[in-house]
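Chains A and B, in that order, give the protein sequences. Read in our numbering, the first sequence has 41 at position 41, and its numbers run on one by one without any break. Read in our numbering, the second sequence has 29 at position 29, and its numbers run on one by one without any break.
Calculated directly from the structure, the hints in this document are not laboratory data. Be a bit skeptical, because a hint or two may be false.
Unchecked claim - Listing some non-contacts, in silico: residues in chain B with all C-beta distances to chain A over 10 Å: (1) ALA28; (2) LYS48; (3) VAL61; (4) LEU65; (5) ALA76.
Said to hold, decoys possible - Going by beta-carbon spacing under 7 Å, a handful of chain B positions derived as facing chain A: (6) VAL15; (7) GLU19; (8) LEU20; (9) VAL24; (10) ASP39; (11) MET47.
Said to hold, decoys possible - Below, a list of computed lysine to aspartate or glutamate pairs in the EDC-like style, where the Cα atoms sit at most 16 Å apart: (12) B/LYS48 <-> A/GLU404; (13) A/LYS414 <-> A/GLU397; (14) B/LYS48 <-> A/GLU433; (15) B/LYS48 <-> A/ASP408; (16) A/LYS414 <-> A/GLU404; (17) A/LYS352 <-> A/GLU342.
Built from N, CA and C at the ideal position, the CB exists for glycine as well.
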Amino acid sequence: MSLEAPASPEATASPDATASREATGVAPTDAVHRLELFFDPGSCELLTPDDGVGARAARGLVAGTPAYAFGTEPARRGGAVGSAECAVIAGAIDDACDAGAPVIGLWHSGGARLDEGVRSLEGVGSIFSAMVRASGRVPQISVILGPAAGGAAYGAALTDVVIQADAGRMFVTGPDVIRQVTGEVVGMRDLGGPEVHDERSGVAHVTTGSSLEALSVARELTTLLAGTPGRTAEPGPRPALRTALPERAVRAYDVGPLLDGLLDDPGVELQPGRAPNLVTRLGRLGGRPVGVVANNPIRLGGCLNAAASEKGARFVRMCDALGIPLVVVVDVPGYLPGVAEEHTGVLRHGAKLLHAFAGARVPRVTLVTRKAFGGAYLAMNARSMGATAVYAWPTAEVAVMGAEAAVDILHRRKLAAATDEDRPGLRAGLVAEQRDTGTLERLAAHGVLDGVIEPEETPAVLFRALEQAGGGRSDQRNIPL
Amino acid sequence: MSTTNGSGPQTAAAVVRSELPGTVLTVAVAPGDRVDAGDEVCLLESMKMEIPVLAPAAGTVTRVLVRPGDAVATGAVVVQL
Numbered sequence: 001m002s003l004e005a006p007a008s009p010e011a012t013a014s015p016d017a018t019a020s021r022e023a024t025g026v027a028p029t030d031a032v033h034r035l036e037l038f039f040d041p042g043s044c045e046l047l048t049p050d051d052g053v054g055a056r057a058a059r060g061l062v063a064g065t066p067a068y069a070f071g072t073e074p075a076r077r078g079g080a081v082g083s084a085e086c087a088v089i090a091g092a093i094d095d096a097c098d099a100g101a102p103v104i105g106l107w108h109s110g111g112a113r114l115d116e117g118v119r120s121l122e123g124v125g126s127i128f129s130a131m132v133r134a135s136g137r138v139p140q141i142s143v144i145l146g147p148a149a150g151g152a153a154y155g156a157a158l159t160d161v162v163i164q165a166d167a168g169r170m171f172v173t174g175p176d177v178i179r180q181v182t183g184e185v186v187g188m189r190d191l192g193g194p195e196v197h198d199e200r201s202g203v204a205h206v207t208t209g210s211s212l213e214a215l216s217v218a219r220e221l222t223t224l225l226a227g228t229p230g231r232t233a234e235p236g237p238r239p240a241l242r243t244a245l246p247e248r249a250v251r252a253y254d255v256g257p258l259l260d261g262l263l264d265d266p267g268v269e270l271q272p273g274r275a276p277n278l279v280t281r282l283g284r285l286g287g288r289p290v291g292v293v294a295n296n297p298i299r300l301g302g303c304l305n306a307a308a309s310e311k312g313a314r315f316v317r318m319c320d321a322l323g324i325p326l327v328v329v330v331d332v333p334g335y336l337p338g339v340a341e342e343h344t345g346v347l348r349h350g351a352k353l354l355h356a357f358a359g360a361r362v363p364r365v366t367l368v369t370r371k372a373f374g375g376a377y378l379a380m381n382a383r384s385m386g387a388t389a390v391y392a393w394p395t396a397e398v399a400v401m402g403a404e405a406a407v408d409i410l411h412r413r414k415l416a417a418a419t420d421e422d423r424p425g426l427r428a429g430l431v432a433e434q435r436d437t438g439t440l441e442r443l444a445a446h447g448v449l450d451g452v453i454e455p456e457e458t459p460a461v462l463f464r465a466l467e468q469a470g471g472g473r474s475d476q477r478n479i480p481l
Numbered sequence: 001m002s003t004t005n006g007s008g009p010q011t012a013a014a015v016v017r018s019e020l021p022g023t024v025l026t027v028a029v030a031p032g033d034r035v036d037a038g039d040e041v042c043l044l045e046s047m048k049m050e051i052p053v054l055a056p057a058a059g060t061v062t063r064v065l066v067r068p069g070d071a072v073a074t075g076a077v078v079v080q081l
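Looking at chain A on its own, in the form it has when it is part of the complex (with noise of 0.2 Å):
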C-alpha cells in the first residue's frame, strides 16, 4: 500500500517485455489509449474528463458487449492512486453494477499515493467495498499491464478473474521494503512475476505475453463471463471424440484435446499453472458459455488433492454466481494418499469444491468418461450433489473404487485360503463378479446415471440438457477462495 511505483513504465519493464512489445507493434501505455485498445474500435466513450486524475474511466462495446472499464495512468506518479483516482474507480465499478454490465481494470499502480495519507487510504478501502457490492452481480476482469503494488494488487485479486502480462507485477509489499525489513534481496519479476502467480501463489489465471495479448483474452473472457452467446445451435456429431481416449484403459492422457472435441473453440484456460490435475476452462458448447472442470489424467493421475479442490471450488462459485453453467469431465482415480496431503487439509479444502457444486443453482451436467471412484466421484458433482444431469461413456467405470481393489479387500480371506496355483482364477472371476454389481445399465436402473452416451454425440447430449435445465444462478458473492 506504501510504494510508488517509478513514473516510467518502461523502467521497470523487462528486456524481453521490451521485445514482445516491439514484435506485437504499438502497445500504448497512457490509460485512454489502453482503453480505446480494449473496446470495439469507435465504441470507447470516457466518463471522466482530462483533469489531471492519474485514473480514466469509460463504457463502450467488447464484441458488441457493453461494458465499463477504468484504467490508472502510469505517466502520473506511477499510476498511484488518491481520493480522487479511487472515486474514478469505484464510480466505474458501482456504474457497471448498475447497468448490469462487465467492468475490467486495468492496473499499473504502485498502490496508493503517500502524500494524501489516511485519504488515499480510504479511497482505496472505496473502491475494495463497490469491489465486493458487484462481486457476484457483474463480471470482474483485472488486466495487470505493468507494477501492481499494495492496494492496486489487492484489488486485482478481488475480482473474479486476473490477468498478467509479462511486464505486470503483483505484490503487497516492494522488493525495497521486503529487503529492508527481511534482508531478502528479491527482484520484481521474482517476487510478483508473471511465473510466480501463474504456479506458485495461483494469483493471476491467465498469464501472457504482450499487453495487446492481455487486452485480447480480457475481450474473450469479458464476453464468456457476460454469457453472450455466439451463434447458438445444438452441435453436430463430432467423431474426434472417438480417439479422445488412450487404447489402454490404465495409461494416463492430457484431457486438454478431448475438451478441445467438445467445446466449439479452445476457449480461456483459467490458472493453467497451478494445480494442473484439475483443468478449469470457460468456453462455448453450441455458442453458448459454458465453464469446464476436467481432471487431467496426464498430472497426478487426475487424482483430486487439496490445491486442484480450492482452484475447482473457486472456478464453481464464480461461474454459478455469473450464471455460467458447468460442465463437469470425470476419469478420477479418487484423492491424492499420502500424510503431505492430509497435513495440506486435503479435507479442508477439499470440503469447499463439495460445498460448491452441493450449494450451486446454475445447470451443471457430468460427464463420466472413464472412471469416477470414491469421494472424488462424489466431488466431481455426481447426482447425490445435484447435477442436472450425469451422463457416461461406454468405457467408464463408476463405483466405489476399482473392481480389483474391491474384491482384494471384499474377499481378501477367501484369496488368502485359496492355493497360489487358484488363487489369479478366483480373484479374475470375484472381478468380474464385482464389476457386473456395477455396470452402467445397473446405475442407470438406480438413477445414478441419466444415460450411456456415445463419444461423438457428447456435444449435442451435453448442449440439449442445458438447453432443457434453463437458467439459474447463485445469490452469493464470489468469494476469492
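Using the hints provided, position chain B relative to the given structure of chain A.
Below, chain B alone, put in the same frame as chain A:
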C-alpha cells in the same frame, strides 16, 4: 497465454522430479539425450495407472537416477538435465 503442462521456471541445471509416489515401469531417456519440455522421461505405475514423468523444460540428460522396478517418492529426482 501460458502453457498447461510445464512446471516451475527452470534454471540451467534442471532436475526432473516425480510428482507422485510410484514404481518405475520404463525409463525413456539415457545420458546425452535431448528432451523438450513435456517429453516423457520415465513411466511410473501409481494409483493403478501408468503415469508419465514429464520434463519441465528442454535440456540434455546428464544423469538417470532410476531403473525399472525402483520405488520413487513424491519429489524424488529421476533425471538430471
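Cross-check of the supplied hints:
no.	hint	verdict
1	ALA28	14 Å, holds
2	LYS48	6 Å, violated
3	VAL61	21 Å, holds
4	LEU65	21 Å, holds
5	ALA76	13 Å, holds
6	VAL15	16 Å, violated
7	GLU19	6 Å, holds
8	LEU20	5 Å, holds
9	VAL24	15 Å, violated
10	ASP39	12 Å, violated
11	MET47	4 Å, holds
12	B/LYS48 <-> A/GLU404	10 Å, holds
13	A/LYS414 <-> A/GLU397	25 Å, violated
14	B/LYS48 <-> A/GLU433	20 Å, violated
15	B/LYS48 <-> A/ASP408	13 Å, holds
16	A/LYS414 <-> A/GLU404	14 Å, holds
17	A/LYS352 <-> A/GLU342	15 Å, holds
Taken one by one, the earlier hints fail for this structure at numbers 2, 6, 9, 10, 13 and 14, listed in ascending order.
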